[in-house]
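**Student:** Fit chain A to the known structure of chain L by using the hints.
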Amino acid sequence: MLEPEDRIRFEQLVLPHLDSAANLARWMLRDRADSEDVVQEATLRAFRFFGRFHGGDARAWLLQIVRNTCYTWLGKNRPAELMTEFDEDVHQLPAANPETLASQADERQRLTLALESLPPRFREVLVLRELEGCSYKEIGEITGIPFGTVMSTLSRARERLRQTLTVAAAKEAF
Amino acid sequence: MSCELAQTTIHGYFDGELDAVRSAEFERHLERCAECQSALAGIESLHTRIQQSNIYEQVSPEVRDRIRKQIKQAAGRTSATLESSRRKWFLAPTFGALAAAAAVITIMFFVIQPRTQSARITAELIDAHVRSLQPGHLMDVQSTDQHTVKPWFDGKLDFIPPVSDYSEQGFPLVGGRLDVVDGHNTAALVYSRRKHFINLFVWPYREKEFNPDNSGSRQGYNWVSWQSGEMRFCLISDAAASDLRELKDLIHP
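Here the protein sequences come in this chain order: L and A.
Position 118 of the first sequence, counting from 1, maps to 117 under numbering that gives the first Met the number 0, and the rest follow consecutively.
Position 140 of the second sequence, counting from 1, maps to 139 under numbering that gives the first Met the number 0, and the rest follow consecutively.
If we strip away everything but chain L, and leave its shape as in the complex, we get (with noise of 0.2 Å):
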């Protein structure tokens, strides 16, 4: 059962997370009305689900609830994005089209669609890792890879990025 202190304490702990479970749903969404909405309802769930709260890093277990409200709602509005990770290596997304990135004279922009057009299971890891600064530990409790396997994850997940911006640069130099 919720008491007021519980909203006091989640104001404390958990609500100045804000700012990164907005980053992480806004690249997993790859959309900013819909990550808004996301976090939103991820934010409250994790309120209702505060009394299972015992303690510890309060940022990585806001960033779980929204990855996992941004994978539900994925699966339900946008089903192909997530049929990407079978073929990862031969699918590309839209927004990965060589000649848009090579078009794109603004770095951020650049960057941006690259990092967009990555399957979400890297997306993931590299926003975390990259933008968020958490440790294979924290990324291994948001996102349920193995701790293990989160290095060699991170290890695909930045050469394919690496990649998709090198075959942007060689098409802008034609």
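Hints are computed from structural coordinates only; laboratory data are not their basis.
Please note that the accuracy of each hint is not assured.
[Stated by the list, open to error] With a straight-line cut-off of 30 Å between C-alpha atoms, the simulated DSS-like cross-links for lysine-lysine are: (1) A/K155 x A/K247; (2) A/K155 x A/K68; (3) A/K194 x A/K149; (4) A/K68 x A/K149; (5) A/K68 x L/K75; (6) A/K71 x L/K75.
**Tutor:** Chain A only, in chain L's frame:
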């Protein structure tokens, strides 16, 4: 790529996730392996590129506000449901079904409403007290002189808070600030008691108060609140409850 380490271990090394032994081993390997050296440079430059691109998405103030509001609502709902079910259980056997229903409705309006409302206000006050203790938040006007603090509130509030210094009784006034409680601009006077700070919140409260005097303790903070005329007073501190009562008796003997 042919070097196996260049594919995975190097990432653990770059991210500082290898233990000391493996890290030292890898460094020895790195000195001799050109492939790993160039892979490390690649990881580094990708990292720098991402850091400099400014692609981190922050939550918008609108969404933050919306979430805060929703959580307040959700918190209000759970405590209201709890109260009403407790009341029903007590009253139903005493009156007939109709009377019970009427009583429950009456209670909802006159008892539960103010009760949950005062619980909510208390939660807000504790919030405000905790916030005030964060660096730089305690005082807008810092003075032990009541004749400095009192005029400071002029024109900032639509009421005049009573400002007195109780140094001689062991509660020196140290300053004041503006706060918001229950949607009202509120005067917050800060007293000190030995090494503790005490916030006195004063705001206009014209609704009929069911339980005018109350006090309690939550999260290690004590509070005493009371009504005087159309003003509501609340003292909050981590100082002893007896200290708060003593100060209350000084303010309203």
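**Student:** What hint numbers does the structure not satisfy?
**Tutor:** The structure conflicts with hint 4 only, although it agrees with all the remaining ones.
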